[in-house]
Every structure is written in C-alpha cells, then in structure tokens.
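> Listed below, chain by chain, are the residues.
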Amino acid sequence: MGQLTAQIRDKPDWIKIRSEFPILDQRVHGHPLVYLDNAATSQKPRPVLDALLGYYERDNSNVHRGIHELSNRATAAYEGARKRAAQFIGAKSAHEIIFTRGTTEGINLVAQAWGTSHLKAGDKILLTEMEHHSNIVPWQLLAERTGAKLSYVPVTGDDGLLDLSRIDSLLSDGVKIFSMTHISNSMGTVNPVRELCAKARTLGIVTLVDAAQSAGHLPLDVQEIGCDFLAFSGHKICGPTGIGVLYGRESILNETPPYQGGGEMISCVDFFKTTWNAVPHKFEAGTPNIADAIGLHAAMDYLDAIGRESILRHDQQLAAHALERLSEIKGIRLFGPPLNSTSERGGLVSFLLPDVHAHDVVTIADQYGVALRGGHHCNQPLMRKLGIQSTSRASFYFYNTLEEVDRMVDVLKKIKEFFTRGI
Amino acid sequence: MEFEELYQEVILDHSRRPRNFGELPDADVHVHANNPMCGDDVTVHVKFGADNALEAVSFTGNGCSICMASASMMTQKLKKKSRGESAELMSKFYEMLTAEQEPEVDKRLGDLVLLKGVRKFPLRVKCATLAWHALQEALEKPQEKGAQLLIEDEL
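Going down the list, the sequences are from chains W and Z.
Reading the first sequence from the start, the letters are residues 1 to 423 in the working numbering.
Reading the second sequence from the start, the letters are residues 424 to 578 in the working numbering.
Check each hint, because a few of them may be wrong.
Stated by the list, open to error - Derived lysine to aspartate or glutamate pairs resembling EDC-like cross-links, with alpha carbons at most 16 Å apart: (1) W:Lys-414 with Z:Glu-427; (2) W:Lys-385 with W:Asp-159; (3) W:Lys-416 with Z:Glu-427; (4) Z:Lys-539 with Z:Glu-523; (5) Z:Lys-543 with W:Asp-366; (6) Z:Lys-543 with Z:Glu-518; (7) W:Lys-414 with Z:Glu-425.
What the hints contain is simulated information worked out from the structure, not anything from laboratory work.
Every value quoted in this text rests on a predicted model; they were computed, and no experiment measured them.
Please model the entire structure based on the sequences and the hints provided.
Here it is, written out as structure tokens:
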C-alpha cells in the first residue's frame, strides 16, 4: 500500500482530478472557462460538495449539547474536523485548533484577544510591507487601542522579496509580535517564515504566520515553522467559504482571554461571573459553523490524497511556464521573484501590460473565458510603494493546465495588440 | 465581441490622450474621488463663471481606460454648460449606463453615447461614473473658493 501510494503521489492523474471539479466544465462567453483566480478563492471538488450535502441530509444537529444520536454524530464529525486540521498543519493537539470564519477573523482574534491583553503603549508590532490588508488593519486597530506602534520589514521592489538586511535591528526594537505572510498574494513570494520565526523566538517575540496562500499549496508544519499562531481559510484550499482555522500554541492560548462571549465558550455562568471553557472552546462562542468544518475536513483529505508536495511542484511548473511565456510580451512588467531567482515562489504571477490598465485586461480576458484578477489585491501600501495602482494576476491551482496558461498568454497578446493599435 | 463595443476607437483615443487633463489654477472647487475597491483615482477641478455656469472643467489622476475616457469626455461635454443643463446631462448619462433594458439614448449626450456599452459590464459602471460623481459633488455642495472635497465611491 505504501509503495502504491507513493507511486500515485509521484504522478497524480491531473486530468482525472480536474474532472472532479464540476464547475470547471463550463463555457464562459462562449469559451471554455479558464479559472485563474485561485488566490482569491479555489473551486470545490465533488467529495467536498458531497460532504456538505451528506451532513445536511443525515447528521445535521447542534454540537456539544444534545445527548441524542444526531447530536453525537454532528459533534463527532465537527471534532473530527478539528483533529484533521491539527494533523494537516502538524499541530501537537486538536486543542490548538480554533475554527474561525477565515484567515481575517483568525488574525483579528489574535490582535483583539491576545494583543489587547499583552501590548501596552510604546510596544512594537512588526509586519512586512507585502501584507494583505487583513494582516495590517487589525494591527492598526490594536495600535490605536493600546498605543503600540507599527513597523514594517521593507520589500525590495518589483521582485517582491523581503529586505532582511536590517531584520535584527527591526526585531530588537521593542517588538512584541511579528506577523508575516507565508506567500504573498500579490507577488507570489514564498517568505522564509521558519528562519524569521526562529529569530523572533530567540528574542521572546510572538509570531503569527498568515498562511492564507500557503496552507493548501505546500506541506505545512507549525512545529517546524516554530510560529505561535498561524491562520488560514477553508475556501482557498478547496473547502467551503465561512470556515477557517487559527492555530495557537496551547500555552499561549491558555493565557489569552476569550474573544467573544456566549454559549459553548463557558464552563459555568453565574449572574455576575463566568468561568471559561477550556481551549479551544473558549474562543468559539455560539453554535459553530459545523457543516463547513466538515466540508473543510473533506477538502484537507482531498488535498493530502493528491499530496501537497505534488501540488506545489505542479503550481510552480505552471507559474514558471507563465513567466517564461509572459516575458515574450514586449514591455511587460513582471512582479515577484524572477525565474532565475534563488527565492522560491508560489503558483501565481502578477504583471502589468504596457499601456493597458489591469481592469481593461481583466474585462477583456473574461470575454475570452479567462478569469483573472485585476486591482490592488488588498495590498494598497505595497502598490503605492511600487508606484502602481494595480496589477493583473493569474493564480494557479492543481486543476489548471499548461494549455490554460498558453491560452491566457495568447489572450493577453491579443489584448495588448488591441490596445496599442493606433498608438 | 462585446468588448469591442465597450472599447470603441473614440474611447481608446480619449483614454490615451485625455482632454482637459491637468490642474486648473484658478478653480473654485476640487473634488477628489477614488474607488477603494479598484484604485481608480481622479480629481475634478471646476471653475464657475459669472453666470454660475461651468466656466472650465478639468481633471487629474489615473485609472482604467473607461474611467479616463469618461472623465475626458465629461469635461468636454459639460464645459460652458449651465448647472441645470449639467445636472440633466448627468442624470441622462447615469440612466444610459444603468438601464435594465436597452436604453433610449438622448441625442444631447453626443459622443458620450459611445460609452453605452459599459451597461453590459456592471462591474465597470463605477469606472465610467467616478469623475461624474466627483463633479456632481462639486455642483451639489456649494463651497468656498478653492475648497477641496473628497468622496469615496465603492463598487
């Protein structure tokens, strides 16, 4: 069995895998859909859809309350998803897994619950210049509440790398928490989070890794990374929307006060005093998103049956092919680590066509059935720094093909021609 | 294809060589409008004449071709128009872009009719109306000379 699994993992049947995504089999504006907006959200395979429907058809009930059969089943499935999530990211125990609505809520939970109780005026919050707004704004709110200050690890330029030349002095300047993205959603850079967390740890700095773009794209192990917190979203890894995971080291969760109050998160409620439930339940007030946690479980199983090493290799191959083909377009401006760079990059490419605004690119590409993203990608400060308003972005996943990348490039060439005629 | 209706030659020409593009040194009001969802960002500068008509209108900023072309064509169309005429043309223009059925186009809109195709791209309507919303703000809120206003337009 082990050998057979290894063989399957070496060469996943990508065509068969693709056929398990019903949504991909359609035409858009008369052309076969080429879905290249996976960094925004991924599509869902049949087993995930089946898990959702199966839960609602057979097991739907509230968790942790009832003693009846359905409630037992729902509770077992929900807690089973928690165990699976712990395994998915290499956490020591399921107690370290808090279900959230997504990455954004996970980061907000840390900023509000841990941040408010641990930061004071003058403390520093260290971020990087390539953070998504969801890893900037919660910290700005925290800074306003506590009087803490923000500082940033700079980005070098179009190649989208972190400039780590001053990292030691940045870290030693009264920093209490360092929150960083694993893979940049606008540049595709894979950041050296393990090294950064190790540096922070020696200085007693708490770390958070935003794994929104990485969790479903590469093997992830929180113990190996050595972070204190890590957040990701279900919908970007073939799971449903509205469910996400926040990992927190058990000891740090124990010393963090609750995030929201309500049912489920309590141990004993008196009219004037309440004692909290144990972690992780202390952070999950109210009826949780049971069905989508179960859907997420199916998604994690699905990804690991393919193997995240294989997924990474596949995505990187598509990105490398895209970069190579895009460089054929004269005057194109490419962002993120270049092909010959030693820095790793994930499966997305970000670019500007000469004399064509990203919105125009995306509007016309859509007319050819190619779904791209154009805009600031929730990275306004970085865009401003690079002197641009927006970029076009193609983000790949394992169900995309080299042919689709070629179709995108052909369409982009047409768009460039269309806009530059008559200039 | 439908996008060819959207990106007609005249529109592309306006986006490449926008008319009345630049600051207006003696403007009465400057309205900065941006769409935080997409990053389109324009400032409309208006100088009112003695009769309170739009003596001069210009714009600065950057955005997609639809945003730039629409701003450029707007400045040409509304220059020298009275406030009343401007308001009327504005509402005709909005109507054309947001009509559910194929709209009957008012001849007074002139070349602006070429932007009719935007209607079929609902997510781009904001691009085409960004500068117009800025100008509307300038007309509806009388300001002291040289006032700087800021509006945000979300999708």
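> Check whether the Cα positions of Lys-543 (chain Z) and Asp-366 (chain W) lie no farther apart than 16 Å.
Holds - the C-alpha atoms of Asp-366 (chain W) and Lys-543 (chain Z) are around 13 Å apart, at most 16 Å.
> Are the Cα atoms of Lys-543 (chain Z) and Glu-518 (chain Z) separated by 16 Å or less?
Since the Cα atoms of Lys-543 (chain Z) and Glu-518 (chain Z) sit roughly 13 Å apart, the hinted pair holds (cutoff 16 Å).
> Holds or violated: are the alpha carbons of Lys-385 (chain W) and Asp-159 (chain W) at most 16 Å from each other?
holds, 13 Å
> Given the proposed pairing of Lys-414 (chain W) with Glu-425 (chain Z), does the C-alpha separation stay at or below 16 Å?
Holds, because 15 Å separates the two Cα atoms, which is no more than 16 Å.
> Does the alpha-carbon distance linking Lys-416 (chain W) and Glu-427 (chain Z) stay inside the 16 Å limit?
Holds. Lys-416 (chain W) to Glu-427 (chain Z) sits at ~14 Å (cutoff 16 Å).
> Is the hinted pair Lys-414 (chain W) and Glu-427 (chain Z) satisfied, with a Cα-Cα distance of at most 16 Å?
holds, 12 Å
> For a C-alpha distance cap of 16 Å, please report whether Lys-539 (chain Z) and Glu-523 (chain Z) respect it.
holds, 12 Å
Going down the numbered hints, you'll see the structure goes against none, and every one checks out.
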